[in-house]
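Trainee: Protein sequence lines correspond, in order, to chains A and B. Residues 0 to 456 in numbering that gives the first Met the number 0 are what the first sequence lists, from first letter to last. Residues 0 to 456 in numbering that gives the first Met the number 0 are what the second sequence lists, from first letter to last.
If you're looking for bench data, these hints aren't it; they were derived computationally from the structure. Errors might be hidden in some of the hints.
Under 10 Å between C-beta atoms, here's a sample of chain B residues computed to sit facing chain A [as the list claims (entries may be wrong)]: (1) S194; (2) Q232; (3) A364.
Note that CB positions come from ideal geometry on N, CA and C, so glycine has one too.
Protein chains: 2
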Amino acid sequence: MRVMMSTQSVSSELAKFIATYRWDDVPAHVRHESKRTLLNFFSVALSACFDSTIEKAATVYGKFSCAPQATVIGRNQRMDMLNAAALNTMGANVFDFDDTHFPTIIHPTSPVAPPLLAWAETHKISGQDFLLSLVLGMEAECRIGNAVSPYHYARGWHITSTCGVFGAAMAIGRLIGLTEQQLVWALGNASAQASGLVETLGTMAKSVSMGNAARNGMLSALLAQQNFDGPAQPLEGVRGFLNVTADHADPMSIVGEFGERWEVLNNAYKPYPCGVVLNPVIEACLALSTNEALLAQGLDAIERIELTGHSLLRQRTDRPAIQTGRESQVSAQHAVAVALVRGRAGLAEFSDEAVRDATLKPLGAKVCFIDDDSYTVDSAKVVILMRGLTKIEVKVDVARGAVARPLTDRDIEDKLRALCVYGKSGVDPEPLIAAVWALDQSKDAGQLMKLVSGNAR
Amino acid sequence: MRVMMSTQSVSSELAKFIATYRWDDVPAHVRHESKRTLLNFFSVALSACFDSTIEKAATVYGKFSCAPQATVIGRNQRMDMLNAAALNTMGANVFDFDDTHFPTIIHPTSPVAPPLLAWAETHKISGQDFLLSLVLGMEAECRIGNAVSPYHYARGWHITSTCGVFGAAMAIGRLIGLTEQQLVWALGNASAQASGLVETLGTMAKSVSMGNAARNGMLSALLAQQNFDGPAQPLEGVRGFLNVTADHADPMSIVGEFGERWEVLNNAYKPYPCGVVLNPVIEACLALSTNEALLAQGLDAIERIELTGHSLLRQRTDRPAIQTGRESQVSAQHAVAVALVRGRAGLAEFSDEAVRDATLKPLGAKVCFIDDDSYTVDSAKVVILMRGLTKIEVKVDVARGAVARPLTDRDIEDKLRALCVYGKSGVDPEPLIAAVWALDQSKDAGQLMKLVSGNAR
Chain A
0 MRVMMSTQSV SSELAKFIAT YRWDDVPAHV RHESKRTLLN FFSVALSACF
50 DSTIEKAATV YGKFSCAPQA TVIGRNQRMD MLNAAALNTM GANVFDFDDT
100 HFPTIIHPTS PVAPPLLAWA ETHKISGQDF LLSLVLGMEA ECRIGNAVSP
150 YHYARGWHIT STCGVFGAAM AIGRLIGLTE QQLVWALGNA SAQASGLVET
200 LGTMAKSVSM GNAARNGMLS ALLAQQNFDG PAQPLEGVRG FLNVTADHAD
250 PMSIVGEFGE RWEVLNNAYK PYPCGVVLNP VIEACLALST NEALLAQGLD
300 AIERIELTGH SLLRQRTDRP AIQTGRESQV SAQHAVAVAL VRGRAGLAEF
350 SDEAVRDATL KPLGAKVCFI DDDSYTVDSA KVVILMRGLT KIEVKVDVAR
400 GAVARPLTDR DIEDKLRALC VYGKSGVDPE PLIAAVWALD QSKDAGQLMK
450 LVSGNAR
Chain B
0 MRVMMSTQSV SSELAKFIAT YRWDDVPAHV RHESKRTLLN FFSVALSACF
50 DSTIEKAATV YGKFSCAPQA TVIGRNQRMD MLNAAALNTM GANVFDFDDT
100 HFPTIIHPTS PVAPPLLAWA ETHKISGQDF LLSLVLGMEA ECRIGNAVSP
150 YHYARGWHIT STCGVFGAAM AIGRLIGLTE QQLVWALGNA SAQASGLVET
200 LGTMAKSVSM GNAARNGMLS ALLAQQNFDG PAQPLEGVRG FLNVTADHAD
250 PMSIVGEFGE RWEVLNNAYK PYPCGVVLNP VIEACLALST NEALLAQGLD
300 AIERIELTGH SLLRQRTDRP AIQTGRESQV SAQHAVAVAL VRGRAGLAEF
350 SDEAVRDATL KPLGAKVCFI DDDSYTVDSA KVVILMRGLT KIEVKVDVAR
400 GAVARPLTDR DIEDKLRALC VYGKSGVDPE PLIAAVWALD QSKDAGQLMK
450 LVSGNAR
């Protein structure tokens with residue numbers, strides 16, 4: 000099959016799939032996953048609506064909004080479609096608590112769902128058309144990411160931003176009914192706008208490229224609708240996106256097995272707002288936080304905390320001297336201490352406030368690492384050594400949040416419930432949860448946004 | 000000097016120069032060049048105001064304009080600052096007839112002047128502040144281009160788009176009075192938005208990245224004004240713009256000799272809307288078009304036309320079978336024929352209409368190339384062999400439009416006059432010419448835009 004396709008344009012093949020694939024052909028488990036990822040999207044977007052990055056961006060972007068067309072999630076504020084899409088993407092990703100496509104480390108839903116939601120608010124779109132566009136846009140985004148991985152991210156490209164613009168373009172392109180040729184042009188317009196650097200991670204500038212991915216992907220499709228043309232091979236051309244941004248691109252991974260292989264099934268949702276290598280450690284420490292022996296002796300009796308895991312655990316998270324909430328998201332010392340002391344591991348536990356909590360640093364200082372590459376990155380063992388030689392241990396073989404042990408539907412609902420509270424939008428999660436699970440029955444997907452508008456402050 | 004600076008941040012050094020350099024210290028010839036490049040900018044922007052690319056973009060961008068803040072050149076139309084800046088940049092560059100910075104092949108003025116003009120229309124800015132911001136923005140843009148050349152363009156990056164966003168950010172950043180720290184953040188916000196691919200050349204998609212360079216550079220500065228932060232070393236950082244987009248970047252070429260070396264002096268203006276290697280050939284053919292011997296015998300008596308020049312002339316322009324005006328801009332066969340037949344070489348001579356002119360192809364078919372690398376790319380010899388062994392030749396040693404033989408002030412004025420007519424905006428070039436030459440005396444640079452608004456259609 001690949002040999003036959005190699006004589007055709009990868010961009011055209013992708014466009015054909017996006018233009019013609021039907022909801023009726025989407026497998027049931029893929030349909031369900033599209034709702035799960037949307038629910039997870041709302042949870043993270045609602046967590047960050049008053050974060051300082053979003054506040055500043057809303058100030059500037061708000062000055063250039065042409066009309067109150069679409070909801071800025073949680074802020075009781077409306078902007079035009081492009082600006083609302085940009086801000087909602089920024090919000091969903093600002094804490095890096097959004098979904099993760101494991102083969103590429105793309106956060107696929109954040110740049111794709113917001114333009115669709117903005118469009119759905121201004122045009123009556125069925126829930127099925129909405130979910131189909133979402134899952135097709137994510138498919139395009141992640142397949143293009145596969146084609147440039149791992150070189151692209153390693154070189155320094157912020158892959159969610161650079162590939163997200165294609166996902167948004169294809170999602171909107173499908174939703175507004177672009178032809179195959181117009182979809183190729185939309186890919187071309189997106190290729191001209193693909194940007195974002197790893198150097199910006201940890202700063203607000205990252206959010207600019209994230210917002211652009213959504214905004215400019217949407218714009219790419221709207222331009223193509225006017226027959227604003229582009230190159231024939233924007234992806235695989237000699238000077239196209241793949242060759243320019245990757246030394247060893249694999250164009251053929253973009254095509255083939257359409258409708259059979261689904262990248263959304265390689266997508267996972269984070270239980271904790273941390274680097275995913277910390278998942279098993281945090282899970283173990285949360286279990287230990289209610290351990291009777293430990294409660295009986297008290298945390299002061301802890302002499303040492305041994306973390307045994309894959310060497311990546313130590314390499315990425317051995318950070319004893321952190322200063323900010325953002326740094327705490329990749330600090331094993333902080334994660335262990337806060338999970339043991341507070342018995343929780345949400346955004347509040349990885350905030351600037353939590354880092355200033357004087358009780359945590361002395362406990363974190365007792366953490367030591369034991370590298371053992373027989374562990375996977377989804378597994379770890381935590382051993383607590385107490386005064387008087389008591390030893391308590393918990394081993395996690397496959398952490399919650401791994402592709403092999405995904406969050407349950409209930410887990411995602413609870414994540415939404417918790418993050419609604421954290422974000423202080425006043426949004427009631429229950430009607431939203433019900434509406435997302437029933438979205439494929441809805442005649443008007445834009446109604447969702449009435450549920451996430453938020454209270455006036 | 001370089002050794003001392005290497006311990007400092009290149010981004011910070013650049014920001015310091017942008018924040019602190021004064022108009023009083025700008026050398027007189029640099030001041031004058033800043034006006035020449037602005038006049039050339041207006042000429043090309045006024046040529047393209049109703050081109051189909053601009054029409055389509057204006058349709059889509061116009062739907063998202065929040066207020067009629069700033070003039071879209073020649074169209075009797077106003078949009079908000081960001082959208083007007085984008086459209087004016089697109090227009091100035093759509094025919095590739097704008098200025099050329101020879102070391103990098105950046106078209107430096109197109110992404111930098113439009114955001115400044117949009118700002119000047121909405122805020123009272125002196126002509127001196129305007130010209131200083133223009134020349135500083137161009138300096139930043141071209142120095143960053145130097146640092147990534149030649150690898151960056153060769154790899155497939157559309158260097159005017161990718162570096163233009165930094166130029167626009169620095170120009171606006173200076174104009175609105177950002178601090179050094181805020182300018183570094185503006186560079187960071189720009190680094191997250193640098194995009195544009197060579198693959199899109201010859202299509203409308205190129206114009207998207209050009210418009211973004213202006214729009215997003217302006218946005219980068221406006222975000223930085225709100226202390227929207229970015230990385231400390233957006234240019235020279237390990238995963239910063241230079242390392243990610245060039246294999247052999249030279250960060251130090253960005254700093255040093257500030258106020259002494261001026262990249263605007265390496266910038267040239269095109270006499271013809273063609274690849275610059277055609278300049279000497281066209282100049283020779285225009286001279287031949289009035290040659291008495293040739294006029295006496297008639298063009299039908301031509302048996303052969305020999306072009307002797309650097310091998311790049313043949314490599315880049317041996318295109319006998321062209322179909323579109325755009326292709327004709329890099330076709331020696333077309334350029335020779337149209338210059339001989341019409342005695343002109345303006346945009347009308349490199350249009351789709353001209354390519355359909357049946358008299359030109361047979362004449363162009365008589366062109367042959369003689370490679371001689373003792374010629375520079377600015378020189379060529381054209382020999383016409385007539386029936387009966389008459390031989391007429393013209394040799395051009397340094398073509399008009401080369402950095403070594405720049406267009407005169409009068410040449411640029413005449414280019415503006417011709418392109419005003421071509422673009423059909425109804426703009427009167429004479430008051431504009433006078434206003435640009437006197438701009439350093441103006442208390443309100445935004446008044447310029449009243450002169451280029453154009454008539455209602």
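Trainee: Could you check if Q232 (chain B) really has its C-beta closer than 10 Å to a C-beta on chain A?
Mentor: holds, 7 Å
Trainee: Min Cβ distance, A364 (chain B) to chain A: is it shorter than 10 Å?
Mentor: violated, 28 Å
Trainee: Mind checking the CB of S194 (chain B) against every CB in chain A and telling me if the closest is under 10 Å?
Mentor: holds, 4 Å
Comparing the model with each numbered hint stated earlier shows that hint 3 is the single one that does not hold.
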